[in-house]
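**Student:** Counting from 1, position 159 in the sequence shown corresponds to residue 159 in our numbering; the numbering is continuous, with no gaps.
Because the hints were derived from the structure by calculation, they are not lab data. A few of these clues could be false.
Distance windows between CB atoms, simulated [unchecked claim]: (1) Ser181 / Arg210: 19 to 25 Å; (2) Ala192 / Gly163: 35 to 41 Å; (3) Asp108 / Gln209: 34 to 40 Å; (4) Asp133 / Leu233: 31 to 37 Å; (5) Glu154 / Arg95: 15 to 21 Å.
Ideal placement from N, C-alpha and C gives every residue a C-beta, glycine not left out.
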Amino acid sequence: MPAILLGLIALAAVAFGIAWFLRANPSSIARLLRPILVVLGAIGVGGLLILGLRFLPGLLPELMGLAGVVIAALIARAARHRPSGGFSSPGTGQRTEVRTAFLQAWIDHATGDVGGTVLSGRFVGRTLDTLTDAELLGLHGDCASDPDSLKVLEAYLDRRLGGDWRNGQRPPPAGPRTDMSRDEALAVLGLAEGATADEIRAAHRRLIQRMHPDVGGTADLAARINRAKDVLLGG
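With the sequences and hints as input, model every part of the structure.
**Tutor:** Spelled out as structure tokens, the structure:
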């Protein structure tokens, strides 16, 4: 009789282990516990079968049926308490950070929120959530020369403003700016402090060939690229 009791205790321990395993984060424990639970389950079930056949063959079906009911109930209870969506996806509850020419940004995988700080240009040092809608759209124009910054900012604009800003429901551009700083000019041309005159001219030529209105760019962007070259060359 004590042997059968020990077998039942072992089987109950396995059942509780299965329920706990289903509630736990598989990314941290699945590899460790899966083989252990399989072995323990096999030992528990095998021990119960051996003991039942040896000592209480008449009660074996009832004992196995009871064990099955207990395990099923525990697994069902664990499933009800599992967060919706099943196992956590990689990165859940974490942030991914990205740095571009204009932005230091982050994305929260759990909520989908996007945020960041402006690294260059007229809004340098400000966080995205402190900028007005009009300022954000101005920043969007400033980022036009850097595709990576543009993608990050557009993800933030989609989250904050919805799709309307993409459908022409945005304030008209204020026109080319002439108050460009040296740091902003370097960012527009994708250069670092200390760039030579030849490097400035080469960067200007490369960008203007890609962003000129004749090849699908805009007049405002072309004007900014030209202005950046003038600021850096003292023109």
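**Student:** Please go over all the hints and tell whether each is borne out by the structure.
**Tutor:** Here's how the hints hold up against the structure:
1. Distance hint check for Ser181 and Arg210: the Cβ-Cβ separation is about 23 Å, which falls inside the suggested range of 19 to 25 Å.
2. Roughly 36 Å separates the CB atoms of Ala192 and Gly163, a value that falls within the hinted 35 to 41 Å.
3. Hint check: Asp108 to Gln209, Cβ distance near 38 Å, so the stated range 34 to 40 Å holds.
4. At roughly 35 Å, the beta carbons of Asp133 and Leu233 sit within the given window of 31 to 37 Å.
5. Restraint check, Glu154 to Arg95: a C-beta distance of roughly 19 Å satisfies the suggested window 15 to 21 Å.
Every hint from the earlier list agrees with this structure, and none is contradicted.
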